[in-house]
Structures are given as C-alpha cells and as structure tokens.
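Starting from the known structure of chain A, fit chain B onto it as the hints suggest.
Each chain, letter by letter, is given below.
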Amino acid sequence: MPDLAISKIDAFALREPVSKRAYTVVRVVTRSGITGYGECGLVSAADLERTRAAALGREATASESIARDLAPMPRLRAAINMAVLDLVGKSAKAPVYQLLGGPTRAKARALARLWGNTDASLAASLERVRAMGFRAVVVPTPVPSARNQGQTFALASVRRLEEFRKAAPDMDFVLDGDGSLTPGDASTLAAAFERFHLLWFDEPCRVGNLSAIRKISSETVTPLGFGRSLERPADFQELLREQVIDVVRPDLAFYGISQIRRIAALAETYYTAVAPNHLGGPIGTAAALHLAASLPNFFIQQIPLPEADEDRRMRAELLAQTVEKPVDGYFPLPSEPGLGVTVREQAFEKYAERIQ
Amino acid sequence: MRRRQFFEGMAGAWMARRLPGAVDCGCALAPAQAAMAPPLPGSKLKITGLKVFGVTLATDSDRPYVFVKLETNDGIVGWGEGTLEGKAAAVIACIQDFRDFLIGADPMQVEHLWQSMYVHSFYRGGPVIGSAISGIDQALWDIRGKALGLPVYKLLGGPMDPRGVRGYYHANARSLEELRRLRETAVSQGVSCFKTGIPGYYEWIETHATIDRAVRSMAMLREGLGPDIDIAIDFHAKTSPSVASILVKEVEPLNLLFIEEPCPPENVQAMARIARRSTTPIATGERLITAYGCRELIEMGVVDILQTDINHVGGITALWKVSAVAEPSNISMAPHACEGPIGGLATLHVDAAMPNFLIQEICSGVEPGEKEKIWAEWLGFPAMRMVNGRFPLPEKPGLGFELQESALNKYPFGGTRPMARVFHKDGSVAEW
Numbered sequence: 022m023p024d025l026a027i028s029k030i031d032a033f034a035l036r037e038p039v040s041k042r043a044y045t046v047v048r049v050v051t052r053s054g055i056t057g058y059g060e061c062g063l064v065s066a067a068d069l070e071r072t073r074a075a076a077l078g079r080e081a082t083a084s085e086s087i088a089r090d091l092a093p094m095p096r097l098r099a100a101i102n103m104a105v106l107d108l109v110g111k112s113a114k115a116p117v118y119q120l121l122g123g124p125t126r127a128k129a130r131a132l133a134r135l136w137g138n139t140d141a142s143l144a145a146s147l148e149r150v151r152a153m154g155f156r157a158v159v160v161p162t163p164v165p166s167a168r169n170q171g172q173t174f175a176l177a178s179v180r181r182l183e184e185f186r187k188a189a190p191d192m193d194f195v196l197d198g199d200g201s202l203t204p205g206d207a208s209t210l211a212a213a214f215e216r217f218h219l220l221w222f223d224e225p226c227r228v229g230n231l232s233a234i235r236k237i238s239s240e241t242v243t244p245l246g247f248g249r250s251l252e253r254p255a256d257f258q259e260l261l262r263e264q265v266i267d268v269v270r271p272d273l274a275f276y277g278i279s280q281i282r283r284i285a286a287l288a289e290t291y292y293t294a295v296a297p298n299h300l301g302g303p304i305g306t307a308a309a310l311h312l313a314a315s316l317p318n319f320f321i322q323q324i325p326l327p328e329a330d331e332d333r334r335m336r337a338e339l340l341a342q343t344v345e346k347p348v349d350g351y352f353p354l355p356s357e358p359g360l361g362v363t364v365r366e367q368a369f370e371k372y373a374e375r376i377q
Numbered sequence: 020m021r022r023r024q025f026f027e028g029m030a031g032a033w034m035a036r037r038l039p040g041a042v043d044c045g046c047a048l049a050p051a052q053a054a055m056a057p058p059l060p061g062s063k064l065k066i067t068g069l070k071v072f073g074v075t076l077a078t079d080s081d082r083p084y085v086f087v088k089l090e091t092n093d094g095i096v097g098w099g100e101g102t103l104e105g106k107a108a109a110v111i112a113c114i115q116d117f118r119d120f121l122i123g124a125d126p127m128q129v130e131h132l133w134q135s136m137y138v139h140s141f142y143r144g145g146p147v148i149g150s151a152i153s154g155i156d157q158a159l160w161d162i163r164g165k166a167l168g169l170p171v172y173k174l175l176g177g178p179m180d181p182r183g184v185r186g187y188y189h190a191n192a193r194s195l196e197e198l199r200r201l202r203e204t205a206v207s208q209g210v211s212c213f214k215t216g217i218p219g220y221y222e223w224i225e226t227h228a229t230i231d232r233a234v235r236s237m238a239m240l241r242e243g244l245g246p247d248i249d250i251a252i253d254f255h256a257k258t259s260p261s262v263a264s265i266l267v268k269e270v271e272p273l274n275l276l277f278i279e280e281p282c283p284p285e286n287v288q289a290m291a292r293i294a295r296r297s298t299t300p301i302a303t304g305e306r307l308i309t310a311y312g313c314r315e316l317i318e319m320g321v322v323d324i325l326q327t328d329i330n331h332v333g334g335i336t337a338l339w340k341v342s343a344v345a346e347p348s349n350i351s352m353a354p355h356a357c358e359g360p361i362g363g364l365a366t367l368h369v370d371a372a373m374p375n376f377l378i379q380e381i382c383s384g385v386e387p388g389e390k391e392k393i394w395a396e397w398l399g400f401p402a403m404r405m406v407n408g409r410f411p412l413p414e415k416p417g418l419g420f421e422l423q424e425s426a427l428n429k430y431p432f433g434g435t436r437p438m439a440r441v442f443h444k445d446g447s448v449a450e451w
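Each protein sequence line maps, in turn, to chains A and B. In this text, residue positions in the first sequence follow this note's numbering: the first is 22, and each later residue adds one. In this text, residue positions in the second sequence follow this note's numbering: the first is 20, and each later residue adds one.
Only chain B is shown next, with the shape it has when bound in the complex:
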C-alpha cells in the first residue's frame, strides 16, 4: 500500500520503537510527522502554566463558572471563560486535556493554537470542546493584548462606536403594572431595549388556550413597555416549527426587535420554514459552535440576527469569524451572555469591532443583584453594567481587568449541577 510505504519511509525510526501488537491504525503515525514540522517564527513568550477554576456562586446554580488562567514565562497572565451550563466538570476536564497543546507554546500565535486545538481534536466542535477552546482562546487574547499594551477591541480594529456597546437587560416583570414601572426605570437610565422569555412550555402541536395565553403575554409587553422601547422575546426553542409559526405571525403587529430560537437548532430547514412565513425578525445561534456551525443558517437566509456565545463558539477568534461570515448577508450580531463576567467582557471587545453589531445581551435585570455585586468585588468595577444604555469599553490592555485567584477562594467549585428538567401535562419531556 503506497500510503503505508510513504509513512514508513518518513517515520522509520519511530516505527521501529513501536510496541509489538500496538493498535495498527494510521492515526498512530501522526506524532512522527509532527516532529518534522518546521518551527513557526515566535515571540519570546511561552505558556508556562494552565490553571482551571470551577467557581460556584450559589449551590443551586446550574452554571458554576469555568475560568481558565494561562501563565507565561515573563509573568503576564491571561484569563478566559469556558462556562458551559450543566456540564462544568466536563469542560474543566476538556481544558486539562489541552494542556499538552499549550504548555511551552507561544501564546501570541492565537489562530495557530486555535486551529490546532480544533482540527487536532478530530471530532472538532460540540459544546464541550467548543467551550474549552473558548476559555483558552479568551485567555490567549488577554495575554496578547497585555503583551502589546492594547485593549483587545483595538487589536480587532474597534471601536465602531466610541460611545460604547449598546445592550439590553432582561425584563422580569409579570404584570402590566410591573412593566410600566420597568419602563420608567429604563427611561431614566437610558436603557433602550429589553428581552424576556415566552411563558410556559409547548408541545409540538398546541391547544388554543396555550397559544392564546402566549399571544396575550407578548402583547402585554408592548402595552407595558411602550412604543419606543425595543422588545425581544426568547422562545428558547420551547416551540416546534408548527407552534412557533403561529406565534410569530400573531405577534407581527408588535414589531418586535426579534424573537429568539423559535425551534431547536438541529434542523435548519425547519427553522427556515418559520422565518419564511413571518415578517418578525428571527434570532438564534447561542448553541452553535464555530462559524462552521452557523454556515447553513446564514446560507439559507434563515436568520436576521445571530446570537453567538463567546463561551461556547470558540472564544474571541470564533465569534469574530461568525460576524465576518454573517456580514455579507447583512445579518446582525446580538451576542448571547448568560454566564460569568469574563466571557461578558471578552464579548464587549468583539462587539466594539463588528460592523454588523446590533446589541449585546446580559442576563441581568435593570437593577443589579447579588451576582453583579460579586462580579464588581472580583474585578474592581461594575462589570457588565450599562451606563446610559451602553456598556463602557474596557480600556485597559487585554480583556481589561485584573483578577486575583484569591478572590475566587470564597466560591469553591461545588461540582456540576444539572440544568432544569421540565415536563408536559402528560409527564413527557418538555423543552425549556
């Protein structure tokens, strides 16, 4: 066999050391080839340490944060986040699996390391590998920015808008009265947009009562928040294409900013069917890994807005690429952010440099809560809080914050917590 002869010729010395009876598969020959790769021109920086932190804020949280810290030979450290809801321990283990890719590597070669982590993982994407790469990638960008003395958004060519990054909070209002109060607070703070989830759980075909209830609740949002605040509604893939098609058509008169994840993400054609039959803009993408994962959605003209998550997609490198791939179709970017503050801040840098940026999410209310206090305590400033409707640009080099390991000590890893499990009236599994 020619292929075999080729490898034997190239890697004869290594072959000779093989254990008799070892697995006879072409993959096993790869290390010999790697040894022959020419060295790339490097910086003086070397990665000397990799630490992973599971950080549990509350014992019932389904998303203990997963933070990565990369250390270098000259003392610069980089932080990144790979929080994956419901799968914390798996991502922590996966990041550790990448140790051999990283220790001794040049942290300035971000794209090269990203390619090696992704391509050489063979199975490529998926949320666990994607989140692990995301955490490492953000830390590499943090190091690079610090080494070059520039905030990451400037490395990326930003800012598009010096006033900062427009954002939205989540509206946690259950009644018309609460919505009206929320409107007043928003107007006084300069907040211009809210998002909220569609209430309830939906079977793949639904009753009149359930559909009617959902439509009324969405109409109440417009009534309470007023005509001049943008409203986005998260279907959270709770609905099937059949049910979502009815709902998005019903809410057309509300002129929503977008509805999010009208159906689960595996079947792009099914989502296309919803988009084709309504004028309501469709947003999706928080569960998609790498630009490859978004390609079909973009190509088929299914979405108006992509909601890539920097902690899963593959970090800054991959989020930027998704925006580049979406831009020729004039698809907007409204990145997802429902995990910790590091991923949130990393996203702001990319947001600030994307020509097709629309708005940035933060899973917080208009009034800060406990979580936001802890973030401020860690980072020394009110991270991911808006001023006059915009997130201020982080101006320090790298991702723009300092974090001491000791600050995380108060919140040791409490293990993986599963995500919510919900069920329909007949006891069958429901999407949430």
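Bound-form chain A, shown alone:
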C-alpha cells in the first residue's frame, strides 16, 4: 500500500470565456505521488490556507474524518472529498463508484438546461440539445411581466411547454421557477401543469417559504424539486418530513460526493429521488456520475452545458476524456480508476481566474 498521506493541496480557479461561469479545481497529492482532483465553487485564499492546515499530513483514505474537520469550509470540503476519492480509487485501481459500493446502475440519465429566455431561443436550443443526445431539459418559466399575473402567466407557460412537447415528443421537461415566483403564481402553475406530467417543477417559489410550499404541495400533484441553494442537510430533512418535496437537489460543488450520499440516504426513507445540482466543470460531472452510480435513488444528473463553442472547448480541453456526451438520454459511466478522467493541467493557465 503506497503512502497516502496528503502532502500537497493546490487550487486553480477557472472561468469560462463567454458564460463567465467560474469554479475551482483542487489538486491533492500524496507523499507517494498519487494525484487526485476535485472541484467546487470559488474559494478564498484564506479558506484554502485553513484547509491545508486541517488536511495536510492526513491519510487520504480517512475521507469522512477529513470532511468533518473541513466543515467550516464546505466548498473546499466538497472538492477535497472528490479529490481524495479520486486518488484512493487510482491507488486501489478501482473506479470511485466501486469504493462507494456501486455501481447501482449501468448509466445515468442526463439533463441539460435550455439556453435563452424567449420561446424562439428556447425552441432553437431544444433542437440542438436533443441532437447532442439529451432527452430531458430544464425550461425556465416565462419572465412574469408583473407579480401575481395568474391566467396570462399560466397560459404563456403552458403554451411554451406544449409547443416543446409537440416539437420533441420524446423529450421530458423540468420547469424551473428559479425560486422567484410568488406563492400564488407558483401554485397556479403547479396546478396548470398537473396533467402535463413535468418530470418536476423546480424551485417554484423561495425554498425558505415553507408555508407556501406546503400549500402548493398539498393542492397539486405536480412533483416539486428543491434544494440547490440549501446549505444545511437539516433543511432537506425538514422538506422531507413536511412531505413537500419530490426531488432533492443538493449542490455538488457545496456538498461533494460523500455528503450528498448522506442526504440521499435520508431521502431514500421517504421514497424520494435525488437529482444533484451541478453548475461547475467537467471534473464535477465525472464526480457526479460516480455518485449517481453509487445511489439507489438517483434520478437524473444536470450538467451546465454551455451554449458557446468556446466554453464547450474549454470543458473539452480540461479532460482527456469526454464525460458529458449522453447517448439517447443517458451518460455512460466512467470506467477508469478514480474519477476516471485525466486532467490536462496545461488548460489551467489558459482559463485561469485569480484566487482572491
């Protein structure tokens, strides 16, 4: 067994040239020279120093113990978690999902968000995203012209989705309220879509507004998704206990693999599906696929599919393999040891963002 004590931790902040989406790649190296990579949102230099102080010298296999000590820096905890699983997997010559008791499935259902915000731009991207192999997409609600506009708004939303279903009958849809609708509009829409059979209605209203969520969930059977901004597992527990959530959406860059597995275990006891939120880069996608292959109640993995060619090129340049190409609606699982990807560090410099 090689020496798996952590000897070096580095972070590389990256930014997509067009979308300006930013994230951090974290590299962990052991004394024996094995390297693992993880990913999270932007982090501060101070948090990086604290993380080094807490994690350097620790056995990489003790990922839960390391995670406990990194709790004050949840983003870095997430990235370090992916990185240590990556390197332990490489050391054991096993894909990460095997470390986690998987695989539970042979492939993972894929989800992408459509680009644009008008009916025309969304319809155009629907066609493109379908051609890329996706069979499920996130569609934003139309931008309301005023608060609580009721019928006009409901009609515009239903018309948008019905047109899309006509254009692509084999596609499924997640409607995204982005947490921005009033409880009244959210409720109206949830009812209007009851017989349309959305996969689910994501963040129909603010997740903190529990009484509004309770009302929507008790009045309609449209499945509701929440959680991409929730930063405490107890918040998921509350939504599950209140019987108001159908899809739990912990953020990958905040929780990492191991913490989402705990939230998923909780959701499983309520027969509730997990669809991790993912706004970062392709290393995160690889981690998400291993997570998917370890969960019994995984449903779908969203990736932040960039619209611009330059941004997509960046994602391709970061890895030697492609992990973000679905086949007939499903991502194949990575099969190589660790996260199953080879990171090309020469791309770091090209897309570097300064860590403050």
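By construction, these hints were calculated from the structure, which means they are not laboratory data. This one's a predicted model, so the numbers in the text were calculated from it and none came from an experiment. Don't be surprised by glycine CBs; every beta carbon is placed ideally from N, CA and C. Please note that the accuracy of each hint is not assured.
[Claimed, not checked] Rough simulated footprint, nothing fancy, chain A against chain B, three-plus residues with beta-carbon under 8 Å:
hint, segment
1, 227-234
2, 286-298
[Said to hold, decoys possible] Which chain B residues stay away from chain A? Per the calculated CB distances, all over 12 Å, these:
hint, residue
3, A77
4, E90
5, F120
6, H255
7, S264
8, I265
9, P283
10, R409
11, Y430
12, E450
Okay, now just chain B, sitting in the frame of chain A:
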C-alpha cells in the same frame, strides 16, 4: 443492584447450577421464572406432534406452500398455512423453532399460545416470524373448531351474510377485446369485481410517456369491463409517492373500488401524502405483520381498505384483531390471498364474521387453472372458487376440510425459490 438481588432470591437454586463463565445477561434468568408460573386451566387436549410441509407445485414457483400440521393426544389434527413468498425454508425453520413452545401445550389456549410465540420471540414481528405464527395459529383454530364441533366462522360469531363471502378474481386481459369477453364471462357467473396490476415498472420520478401509458391502460379497464363491475388496481408498491399521486389523481373519473399499495409500506406518512391528494380509495396492508403493524396506518387515516394476509399477519387471531382495530374508523377489510388453499379457506372464516368486511381476494382467474385442480384434488371440493360471485362458507368443523399427508407426496419441497428480480432501463433495481 436491586434487580439482581430480586432474581437471585427467586431463582437461587437454578443460579447455583449455572456454568461458570456463562453469558451474564438478565435474559438467562427467565427460565427460572417460567418454572414458577401457575398452570392455566386446561382442556384434556395436548399437542403431541408438529409437522411442517414444504409443498412445491411447480419448480419455478416463488411460493412453495408451507403447511403446518399439529397432532393431538386424542387424534384431532389441525392444519395451517405459513407460506411466505421467496422465503419458504426460513419459515419452515422458524416453525420448527416454535416446537418447544407447542409440544405438550393445550391447543385450546390459542390466544395464550399466540402471545407466547409473539412476545417471547422478543424481536416480535417481521414476515418470517409472522408467517410461522400464522401457520401455527390457523392449525390451532382448526383443532379448536374440530374439538368443539363448529366451523371457525361460527366460533368467531359469523356469518354476517349467510350467502357467503363476496370475492374477486384477477383480470388477466391485455386488450379491450379480451376485457369485453371477460365482462361477459363475469356477468354470466355473477362475478362483480376484478383486480389487475398496473403494467410496467416505475422510477421514483417518471417520464410523461410512462405515466401516460399507465393512465391509458387503467382507462381501458373501465371501458372494457363496463360501468357496473367494480375495478381494483394493484400498484404493488411499484410507484413512489410522487408518481402514485399523479396516477391516482388521473384515474379519479374511473371511480375505482380501490388502488392498492400506491407506495412501499415502510413510510406511512409518505402513503398519507398520496391519500390526502386524491379521492380514489387507497388499499394496502398485505405486507404488514400483526395489528401493531397496521396501527399507524389506521390512526393517520391513510387507508380506506386494509388487505391483511392471514398467512403473514399472525393467522386468524391477528387478522381478526386487525379488523377490530380498523372498525372504529370504518375502514373496510379486503384480505389478501395469493398463496395456498389452507390460508384462503382460513380467511373465509374470518371474512364471514367481520362487520367491516368488503371483499375477498383470490389470486386466480375467472376460469380455473391447473393450481385450482390440484387444490380440489387435495381437499375434495373446489376450494376458493366462487359460486354466483361469492365463496361458499365452509360448513364442516374447524377450517372445514380434510387433508391427507399422502396427497401432498406428489409435490415434494423443491427448496426456496427467490422472488422476481426486475430492473429499470439504466440497470438499477426496480420495485415489482
């Protein structure tokens, strides 16, 4: 420690015989206490023999029957059934584990023996212990009825309805045309209700195509069977609360008799969420053991109909108690029966005496098949077949049949067969 002194005072002689270094745990003191229990007033009957039979009809069956035969000192024998799908050998072993509880015991003290088997098992319920107790309990009731010269339903205070026990068959029709033919047969036989399973397998969130297919198939049942035949649809816990909620709301216009097991049984609140959001009656309970196992479901107002299974719940004693616990909430009983003929016949006796009885299942089609022929051969009458839409009441003492061990010889136990394993499109485990 006071507790220890108490036991030592009581069981000093026994303590003295303990092996040095034996496990030092309070449980080990129990036999001494048992020896001091006063004898209960008894009958002259004693249980002298316990036999367990694994009976395999077809080699690919996941449910070889588990039959129990209790013998007594005056020649009366009792039969019971503890068939547990996919776990036959475990139940057979568990019944054998109860041998010491039973040999020498008075078979008339059914409730007392039931309590001893359940409470003294310490871990109480669970399907294996529940099915083992079920088989033994039915055999005890059979003996008691025979000893007293009464069919069990009369011991229970029945019949509520002298015409017999209303029942339903399973509808195995795949097309509108087949359903229409089935309707004609049903009308000619006086059958008033059918149940069928929802087709396919469901992830915890589902696509439009899958939901749409399920809704169409359910609507076709009503169209084919007509407006005046009751229809029940078994979701078989294949659906999550999220998916089931959509489906049961979609089928509200069909006015179904009930939908069954809209989600798995562990989380009662999750099932409550489905029930709250639809007018479609919800039935469940075939996997629940003892009345304790049904209490939360009843208390929370989740179900309209309970489908207790006499071969798992704890036999006649426990099925009757479930109906008693459900009755104050006016919850109906539609007992499950998908195993062998002994459990089926035992259920009819309880059905006939329940004020809140709705309908009795039998996992058979409207036309009898091979299985039904074998049952008739064993018992000498067409067991669990309806006449004019009702199961006739078994009128002979006890459970109302004679069974010779030799009749089972043709179907020796072929070992436990696992239940079905099915998977989703991505290869992950699916509920069936």
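Violations among the numbered hints, reported as their numbers in ascending order: 7, 8, 9, 12
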